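Visitor: Generate coordinates for the entire structure from the input sequences, incorporating the hints supplied.
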Amino acid sequence: MNTEFEKTSPEKKDQGKNIIIIVLVLLVIISGIKLYTDYVDRTKKSEEILLLSTENNDLNKRLDSVTYQLDLRILEIEKLGGDVKSLEEVRDQLIAERNTSRQRSSSEIVALNEKIKSYNGMIVQKDQEILELRAMNQQLFTENQDLKTTQAEIEEEVAQLNIQKEDLQAKVNVASMLKAENIEISAVNSKGKERVETTKDFRNRQIERIKVSFNLADNKVAEKGPRNIYVQVLAPNAQPIFDVAKGSGTFMMDGAEKFYTVKQDVIFDNTEQELTFFYEKGTDYTSGIHQVKIFVDNYEVGSKTFTVK
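Heads up: the sequence shown at position 233 corresponds to 238 in the numbering used here, and the numbers run straight through without jumps.
Everything labelled a hint here was simulated from the structure, so no lab data went into it. What you are looking at is a predicted structure, and each value in this text was computed from that prediction instead of being measured. Careful: at least some of the hints might be erroneous.
Here are the simulated distance ranges between beta carbons [claimed, not checked]:
| # | residue 1 | residue 2 | range |
| --- | --- | --- | --- |
| 1 | L166 | Q143 | 17 to 23 Å |
| 2 | M258 | K153 | 43 to 49 Å |
| 3 | K90 | Q174 | 57 to 63 Å |
No farther apart than 25 Å at their CA atoms in a straight line, the calculated lysine to aspartate or glutamate pairs in the DMTMM-like style are these [to be verified]:
| # | residue 1 | residue 2 |
| --- | --- | --- |
| 4 | K122 | E60 |
| 5 | K286 | D302 |
| 6 | K268 | E213 |
| 7 | K90 | E119 |
Heads up, the beta-carbon is just placed ideally off N, CA and C, and yes, glycines get one too.
Guide: Rendered as C-alpha cells:
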C-alpha cells in the first residue's frame, strides 16, 4: 500500500510540472505573438505616419508651385489691364493652407489634390485669357499708333496752315500799310508867304511856321476808318522838336515811346486825301539838315528833309 502511494506521488508531481511548463510555454508564445503584433502595428503606424508626412511635403510643394504660377498670371493679367480679383482670392487661400502647421489627414490630402487639379485647369484658362488680352492690347496699340500718326499729320497740316495764314496775314498787314506821297515841306513867313525848298535852303528869318503837306496813297487792301497821323520834325542832332503847349506829345511804336511834333486824327477813305500840318516853333531852327518823318498809328509811312542856314 505504501509502496503504491509512493509510486503515485512522483507521477502526480511530474504531471503538475508538465502542466506548469506547458502553461509557461503558452504564455511565452502568447507574449511573443503579442509583441510581434504590437511591433507590426507600430511599424504599420510608423509607415503610415511617414507616408502621410511625405504626402504632406509633396502637397506643400504642389501648393507652392500653384501659388507661384498664380502669381505669374496675376502679374501678367494686371499688366494687360485684366481682372485678377478671383485669382488673388485663390492665391490667398493657397497661402493660408500652405502656412498651416498641422499634419493633414489622408482624406484632406486627397481633397486638396483635387482642388489643385481644378486650380491647374483654371491656370490653363487664364493662359488663354492672357493670350486674348495680349492680342487685344496689340490691336489697341496698333490703333493708337494709327491715331497718333493721324493726329500728328493733322497737327502738321494745321501748323502749316497756320504758318501760311500768318504769312498771308503778314503780307496783308504789309500791303495794308498806308504810304505818304508827294511830301512837300514849306517855310511860311510872318506874312503868310510860302517858300518851298527846291535848290535853296531855308533861312530862319523866312520861317514863321513849317508847313508839311502830303496825300495818302491809294490802297485798296487797307481798311477804311480812323487813323492817327503823326508828324515828327527832327533837328540836325536827330532829336525831335516838340512843344507840349503847342500840341506835341508822345505815341507808342515797337514798344517804345516816341515824341511827335504835330498830330491829326483823320478818317481814311482811300480817296488819296491830302493832309496839311503846320508847326510854329517860336524860336530859331538850328542850322543844318532837318528830317520830317510821317507816321500812321504805329508805323512810318514817309519822310523828307529840309535844310536851314
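Visitor: Hint by hint, where does the structure go against what was stated? Just the numbers, ascending.
Guide: 1
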